[in-house]
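S.K.: Assemble the whole structure, with the sequences as input and the hints as a guide.
There are 2 protein chains.
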Amino acid sequence: MGNVAVIGAGMTKFGELWDKGLEDLIAEAGAKAVNDANIDGEDIQAIYGGNMSAGRFIGQEHIGALIADAIGLTPIPSTRVEAACASGGLALREAYLAVKSGTYDVVVAGGVEKMTDVYSEQVTQTLGGAGDQQWEVFNGVTFPSLYAMMARRHMHDYGTTEEQMAAVAVKNHSNGSKNPYAQFPFKVTLEQVMSSSKVAEPLKLLDCSPITDGAAVVILASEKFARKLPQEPIWIIGSAHTTDTLALHDRKSLTSIEATRLAGRQAMKQAGVTPKDIDLAEVHDCFTIAEIMAMEDLGFSKRGEGGKDVESGKFNLNSELSVNTSGGLKSCGHPVGATGIKQAVEVTWQLRGEAGKRQVDDAKVGLTHNVGGSGATAVVHIFSKEVD
Amino acid sequence: MGNVAVIGAGMTKFGELWDKGLEDLIAEAGAKAVNDANIDGEDIQAIYGGNMSAGRFIGQEHIGALIADAIGLTPIPSTRVEAACASGGLALREAYLAVKSGTYDVVVAGGVEKMTDVYSEQVTQTLGGAGDQQWEVFNGVTFPSLYAMMARRHMHDYGTTEEQMAAVAVKNHSNGSKNPYAQFPFKVTLEQVMSSSKVAEPLKLLDCSPITDGAAVVILASEKFARKLPQEPIWIIGSAHTTDTLALHDRKSLTSIEATRLAGRQAMKQAGVTPKDIDLAEVHDCFTIAEIMAMEDLGFSKRGEGGKDVESGKFNLNSELSVNTSGGLKSCGHPVGATGIKQAVEVTWQLRGEAGKRQVDDAKVGLTHNVGGSGATAVVHIFSKEVD
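If you read the sequences in order, they're chains S and V.
Residue numbering for the first sequence follows the working numbering, beginning at 368 and increasing consecutively.
Residue numbering for the second sequence follows the working numbering, beginning at 368 and increasing consecutively.
Hints in this document: simulated from the structure, not taken from any laboratory.
Be aware that a few hints might be false.
Repeated chains share a single entry, so a pair holds when one copy, or any two copies, can fit it.
Claimed, not checked - Pairs of lysine-lysine, BS3-like flavour, derived with a Cα cap of 30 Å: (1) K591 to K752; (2) K380 to K675; (3) K619 to K387; (4) K681 to K619; (5) K467 to K636; (6) K595 to K467; (7) K619 to K399; (8) K591 to K467; (9) K591 to K636; (10) K752 to K545; (11) K467 to K731; (12) K724 to K380; (13) K724 to K681; (14) K380 to K591.
M.R.: Next up, the structure:
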């Protein structure tokens with residue numbers, strides 16, 4: 368099986384985009400990525416699109432065909448995949464497999480979500496569908512409360528503090544303040560995070576990622592096709608997708624996401640890298656505690672030390688490992704089906720040296736980590752400037 | 368790329384299954400298919416699951432992980448795909464590609480829908496999400512009305528009659544009366560169809576497929592794996608997936624589904640067969656007019672003669688071509704995400720000679736045809752007892 372390249376990337380600004388519908392977002396991100404790839408639409412052989420819940424957000428299903436229609440690419444096969452907030456990462460994974468296996472030479476991986484057409488309570492209910500409706504959501508659980516339980520247990524077991532969680536938000540907003548695509552491109556202070564309204568203790572408003580509209584697209588190609596283009600390709604050297612129980616209460620641990628641990632290990636093994644080889648990581652910080660757990664589960668921090676590490680500055684821009692240079696879900700925003708692709712767009716830009724004020728110096732290897740629900744799906748990809 | 372076999376098949380009874388939840392349906396169909404395949408759960412390397420709208424029907428998304436969880440197969444990759452009423456066919460297509468390409472040796476393709484937990488008006492609204500929410504559904508269109516427009520135009524252009532459409536229902540109920548898995552396993556007469564309540568003229572109640580709960584599973588494997596099992600494999604020799612515009616008003620024709628025409632042609636070309644080589648076909652009869660159009664688009668009838676052909680008995684059980692031996696969507700029922708897989712289960716049973724009272728004599732080659740919405744997605748597969 369051959370090598371797989373990212374040959375193009377594009378995204379919309381993330382935010383409350385009340386003047387744009389789902390099709391508008393898809394068309395904008397798609398056109399940017401096609402132009403960036405220096406290809407024609409007719410070069411594209413298949414589409415994989417990630418979307419969590421257009422059915423509940425805007426009454427629209429049949430998202431694969433809608434994407435092909437919106438960007439004028441019918442009758443090629445276009446497949447919607449869904450894995451809650453990991454829908455984008457999963458679209459990338461399926462597009463990667465489709466090229467890796469030799470099925471197609473050029474495949475679009477996109478993600479989109481239009482979340483602001485309904486009231487925020489409806490968004491909370493809809494996002495609950497990422498967990499176990501029958502055993503969790505029906506009984507009153509929301510996503511902030513699920514992650515609050517994880518945070519509480521992490522504090523209990525390892526002495527993690529609310530200030531350490533707040534440090535994640537401070538770092539990610541600092542990065543996001545340098546990203547013109549971010550929904551909230553401004554800095555926040557530790558005091559602002561600590562004094563923000565409680566959402567589900569110990570999580571406060573500024574520990575939580577926002578509700579966002581947006582779309583992102585990357586275009587993947589076989590090595591043979593990619594080598595013919597003028598631009599330098601970025602290579603996907605590792606890819607993994609794992610699952611776990613839907614309900615948090617069925618897991619062995621509240622302080623580790625087993626699906627992340629396994630997917631990280633599988634992707635790094637395939638790529639032939641260790642955590643030390645990675646220069647930047649876009650990880651799934653739906654809540655600040657989630658980034659701390661991801662650092663531990665992916666092997667960037669020792670177990671229980673993710674909070675201390677972020678507080679120490681280890682994960683700041685251009686420190687030991689640059690984490691969430693885009694601003695992460697926290698500052699860049701979290702259109703749930705688009706996030707996994709946005710992570711790939713950011714890593715592509717970073718490895719090309721096109722990330723502007725948030726550029727990681729001499730970035731060679733990057734990682735993306737996308738989680739569905741409270742950890743029932745994890746998707747990890749590793750990108751490199753070089754390939755064997 | 369190697370050959371792909373169906374090594375196991377299973378399904379729940381279709382119907383209003385008020386005592387069973389989504390997970391129960393998945394577990395029942397999954398266990399039947401695994402037993403039928405003579406394999407262990409640990410042989411399975413990946414899952415593709417088709418589901419249209421669990422988000423709106425039962426408040427549950429994240430269906431890939433839910434399936435892996437329900438059948439105890441975490442942490443393997445499990446991917447939900449959605450293409451409205453073609454979600455099942457698309458899951459089959461993705462599972463086929465995953466095996467065909469050498470990515471995996473053993474992959475589950477499943478489909479499930481739980482539709483009867485909400486009121487029927489909500490089902491109608493939800494199914495509208497298969498069309499164009501913005502330009503069709505918002506303005507009052509429902510699926511019966513979309514297909515009624517196609518029927519009206521087919522009558523106008525070709526002289527197709529309401530009696531010819533009714534003949535589809537009579538035939539499919541006759542087949543379904545022999546299928547213990549069918550939701551409505553009884554015969555209907557032409558008079559009963561013609562005198563049933565009007566839904567969207569010229570379509571009457573008995574021209575329409577019902578609202579159904581159910582799940583179906585097939586297990587696919589590489590030739591190398593399949594040859595080690597005691598049972599005879601059934602081979603997938605053709606597979607195609609195409610798209611078209613989401614909205615009916617954007618299409619060139621109201622009387623032909625272009626996506627079906629293209630997918631049929633692609634799948635038959637890959638399989639090296641013509642319509643004459645096919646012994647049985649499970650086609651997408653969401654409304655009786657849809658079967659008439661499918662017969663024409665797949666090349667089983669000349670353009671405009673689908674109505675006459677069904678009336679003449681050409682598509683009856685054990686006539687020239689046995690069409691919808693399961694009873695089709697009309698009599699067997701239409702749990703939208705499961706239908707495409709149920710078609711594959713039926714063809715597998717037929718080619719094995721296990722279809723009981725509805726067995727097609729000497730069945731060697733079968734076709735499945737699954738449509739999303741009013742034709743924005745079509746998925747066609749061709750199955751054979753023999754393979755090169």
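S.K.: Reference check for the pair K724 and K380, CA-CA at most 30 Å: within, between, both, or neither?
M.R.: Within one copy only: 17 Å inside a chain, 60 Å across chains, cut-off 30 Å.
S.K.: If the cut is 30 Å between Cα atoms, do K380 and K591 qualify within a copy, between copies, both or neither?
M.R.: For K380 and K591, the Cα distance exceeds 30 Å both inside one copy (32 Å) and across copies (49 Å).
S.K.: Under a CA distance limit of 30 Å, which applies to K619 and K399: within one copy, between copies, both, or neither?
M.R.: Intra 43 Å, inter 29 Å, cutoff 30 Å: inter-copy only.
S.K.: Could you place K619 and K387 in one of the four classes (within, between, both, neither) given a Cα distance threshold of 30 Å?
M.R.: between (43 Å within a copy, 28 Å between copies)
S.K.: For K752 and K545, with the copy left unspecified, which applies at a CA distance of at most 30 Å: within, between, both, or neither?
M.R.: Intra 23 Å, inter 61 Å, cutoff 30 Å: intra-copy only.
S.K.: Evaluate K591 and K467 at a C-alpha cut-off of 30 Å and name the case that applies: within, between, both or neither.
M.R.: Both: 12 Å inside a chain and 21 Å across chains, each within 30 Å.
S.K.: Indicate which option fits the pair K724, K681 if close means a Cα-Cα distance not exceeding 30 Å: within, between, both or neither.
M.R.: So K724 and K681 pass the 30 Å test inside one copy only (19 Å; across, 70 Å).
S.K.: Evaluate K591 and K752 at a C-alpha cut-off of 30 Å and name the case that applies: within, between, both or neither.
M.R.: within (16 Å within a copy, 37 Å between copies)
S.K.: Using 30 Å as the alpha-carbon threshold, which applies to K595 and K467: within, between, both, or neither?
M.R.: Both: 17 Å inside a copy, 27 Å across copies.
S.K.: At 30 Å max between alpha carbons, let me know whether K681 reaches K619 within a copy, between copies, both or neither.
M.R.: The answer is within: 29 Å in one copy meets 30 Å, while 59 Å across copies does not.
S.K.: Measure nothing new, just compare the shortest in-copy and cross-copy C-alpha distances for K591 and K636 to 30 Å and report within, between, both or neither.
M.R.: Cα proximity of K591 and K636: in one copy and across copies (25 Å, 27 Å).
S.K.: For the identical chains here, do K467 and K731 meet the 30 Å Cα criterion within one copy, between copies, both, or neither?
M.R.: within (21 Å within a copy, 34 Å between copies)
When each numbered hint is compared with the structure, violations occur for hints 2, 14.
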